[in-house]
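These protein sequences, in sequence, are chains A, B and C. Heads up: the first sequence runs through residues 1 to 387, numbered per the working numbering. Heads up: the second sequence runs through residues 1001 to 1181, numbered per the working numbering. Heads up: the third sequence runs through residues 2001 to 2159, numbered per the working numbering.
Honestly, the hints are just simulated from the structure, not real lab data. Please note: incorrect hints may appear among the correct ones.
As the list claims (entries may be wrong) - Straight-line alpha carbon distances no greater than 25 Å define the calculated DSS-like cross-link-like pairs of lysine-lysine that follow:
#: 1; chain 1: A; residue 1: K355; chain 2: B; residue 2: K1014
#: 2; chain 1: A; residue 1: K386; chain 2: B; residue 2: K1148
#: 3; chain 1: C; residue 1: K2123; chain 2: C; residue 2: K2086
#: 4; chain 1: C; residue 1: K2086; chain 2: B; residue 2: K1029
#: 5; chain 1: A; residue 1: K304; chain 2: B; residue 2: K1014
#: 6; chain 1: B; residue 1: K1024; chain 2: A; residue 2: K160
#: 7; chain 1: A; residue 1: K304; chain 2: B; residue 2: K1148
#: 8; chain 1: B; residue 1: K1024; chain 2: C; residue 2: K2123
As the list claims (entries may be wrong) - Calculated from the model, a selection of chain C residues having no Cβ within reach of chain B, i.e. all distances over 10 Å:
#: 9; residue: I2030
#: 10; residue: E2041
#: 11; residue: L2108
#: 12; residue: N2113
#: 13; residue: K2135
#: 14; residue: V2153
Each residue gets a CB set at the ideal place from its N, CA and C atoms; glycine is no exception.
So the chains spell out like this:
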Amino acid sequence: MKKQVAVIGAGMTLFRRKLKETGKELSFLATKMAMEEAGIQKDEIDMVVMGSAPDAFDGIHMKGENLLDGAAAVGKPYVRVFNGGGTGVFAPIAGWWHVASGVADVCLVVCEEKMGSCYPHPQTAFRHIWDPILDRPLNPNLVWLFAMEMNRYMTVHNIKKEDIALVAVKNKRNAVGHPCAQLADPNITVEDVLNSEVMAWPVQRLDISPPSDGASALIFCSEDVVHKFTDDPIWVAGVGWNIDSTMWTNRDLYFPRYVANAAKMAYKMAGITNPPKEIDFAEPYDPFDYKELHHMEGLLLCKKGEAPILTREGVTQRDGDLPICPSGGLLGVGNPIAATMGQKVCELYWQLAGKAGKRQIPGDPRVGVGQAWGDIMQMATVMILKR
Amino acid sequence: MSEEEKRQFEGYPKYAPGTHVRDKHIYNKEITYTWWEPEVQYSWSLGPAMSRFLQELKAGKIIGKKCNTCDRVIVPPRMFCEYCYNPTGEWVYLKDTGTVETFSISYLDPDARRIEEPILIGVISIDGAAPKHGFMHYFGEMKPEELKIGMRVKAVWKPENERTGSITDIKYFRPLRGDEE
Amino acid sequence: MTFTEKQTDPTSPMHWRGDMQADYLYPSGIAGDKFFKHLKEHDSFLATKCSKCGKILFPPRLYCEDCFEEIPESNWIEVPASGTVKLFTVATINAHGKKLEEPKVIGLINIDNTDGCLLGIIKTTDYGKDFIGVKVKAVLKPQNEREGTLKDVLYFEEY
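Full structure from sequences and hints, please.
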């Protein structure tokens, strides 16, 4: 019998290209903030899950073991989970397993990333995701991969760059209310995005979220003990995760079917049959502006090819009918891979609890969906929270 | 962080702990750090499928392998089909022509440094294989604006004595001329 | 499931060589930066005291990982750059398996007045000696050559 799982606290550090703190110190700062909000002490936490993407960014082999001091995990059952960019939502899913299964009453989830340690650029470490025999001899840059997917998506649905650039503008403006934001910009326009330098056509500089250092934390507790912490809990309604083949050159990239599979799994668990009507807001993964649109369709929040139309019509603004990335997303707040849990799940929690301050969605949001995406266009992780 | 700073932002997160450092702080040694250059070498096993694929590339041919259950010829070839999870069957020689599935025009080199002359890269589905099945490679003998999804292309090979059994035995794919179809 | 082919030709390609190309810059962190900056100017170490459990943590850190309490500025204390050898080993080969010209004695040294240790090379010619319990002190680089990393500690020697 699965237990119901609630979120009782969340925390995030500053996100910047390079931070002075070590990975452990960042984990500590995020965890402390979450513990303060939940009003909980270290010994009340039963188990800890650490989410952190490749060791190659921080440059510390087995970094899960290195970071645990800062994640209040000394002397506790501990596990590190990792599936590339999907970790930001997969780590909370793993935290959910711990509590829903009944083995823990309280589980802390911490996500951390230090991309600033990798020289000359995190791309150098990222490059090792390519197949050593088929791809690496061609000396590829990871941006090429996203550029190719963006091109395919734009061509199949005949989407103009102007509509995609609207996403970057929306998210960077949304991020103005976020204290941790790395790239908030209240004045950015579509022209700014279209005039930014071309990295790998069709991707331009302002289409991409930056590499960042940062950490975030989330605390889950079971229905049995939630009364000790809050009278108005935010519950986990559904989780889903799915992965597609590594052979990305054998797939049509215009639609992320693995996102749809993960979303269906989560919606089924949450009893949601009509996502566009029943979901109040969403935080899809937006490391690139076109990815927000790609994932909106993957999450079945609209028909294939419809996402840019909804964006153009203002439906996805914070005060629209279906706010998307009210936190400012990765484009506005930053992209420390796993620590993006801060914008994807912690934000769902803060919005539903009415605690998002300047970023708060008007009205009475009751159900939100968060999603992350990783590896070579493969992994999708989805979590639905509700009040 | 003082209580004053903590109350700066309404709502959660209430404050943003962390200390931003810039490249100049590092060049000027205003913060201490440790520099390390790992020396890691790898020798990856190719496996029978990749081994044969590279051998055939050296001979100037592209080869795929058939999954009889799914009825699809897979390229790059593999020993098992990841969809039906059965061992694959016979080897199938493919043409060295194909169709552009997607592409990018890159002004970045592998380490994210800017370059003047763009690199043309994309995915080509190979004639003779299952639809949409192919691999990534360069494009050449065309201007960036000529590159389109759906374009028909042909492999340009290195001379026989320069081929080593690598994906780079193909130099790039060039536009297929009308009379070559 | 078994594959339908065996690899029988010893001349066909079997391996692909490559390497990992990335370098790393590890910032010392808030606590580490304080420690190394102090070491640049002084011939002593810094440690931190946890108000809750009373442990003197070395290497010094921002928080005590057992109590999970942040350590305030006022709890940083200066300790001598010396200690007692708790454990040691004598290495005769290097990291790549090649024989060293001279054996190296590596010790885990409990730094004086702290509950923590530092790993260090113990300079000696007596490779058969039992170093446990031996008092050693750190020999540091000349002050103007210190860089703010652990390499500023050249080695430890008996005193």
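Hints versus structure:
Note on K355 of chain A and K1014 of chain B: the hinted pairing holds, with a Cα-Cα distance of about 10 Å set against a maximum of 25 Å. Distance hint between K386 of chain A and K1148 of chain B is unfulfilled; the C-alpha atoms sit about 45 Å from each other, more than 25 Å. A distance of roughly 16 Å separates the Cα atoms of K2123 of chain C and K2086 of chain C; the hinted pair therefore holds under the 25 Å criterion. Distance hint between K2086 of chain C and K1029 of chain B is unfulfilled; the C-alpha atoms sit about 34 Å from each other, more than 25 Å.
For the hint pairing K304 of chain A with K1014 of chain B, the CA-to-CA distance comes to about 38 Å; that exceeds 25 Å, so the pair is violated. With a C-alpha separation of about 39 Å, the suggested pair K1024 of chain B and K160 of chain A falls outside the 25 Å cut-off, and the hint is violated. Simply put, K304 of chain A and K1148 of chain B have alpha-carbon atoms about 22 Å apart, close enough for the 25 Å limit, and the pair holds. In summary, the hint linking K1024 of chain B to K2123 of chain C is not supported, as the alpha carbons are separated by about 38 Å, beyond the 25 Å threshold.
The beta carbon of I2030 of chain C is not kept farther than 10 Å from every beta carbon of chain B, the shortest such distance being approximately 7 Å. Listed as outside the interface, E2041 of chain C is consistent with that label: its C-beta sits roughly 12 Å from the nearest C-beta of chain B, beyond the 10 Å cut-off. Annotated as non-interface, L2108 of chain C keeps its C-beta farther than 10 Å from every C-beta of chain B; the closest such distance is 20 Å. At roughly 23 Å from the closest C-beta of chain B, the C-beta of N2113 of chain C stays outside 10 Å, upholding its exclusion from the interface.
Distance check on K2135 of chain C: its Cβ is at least 28 Å (rounded) from any Cβ of chain B, clearing the 10 Å threshold; non-interface status holds. For V2153 of chain C, the shortest C-beta to C-beta distance to chain B comes to about 13 Å, beyond the 10 Å cut-off, and the non-interface label holds.
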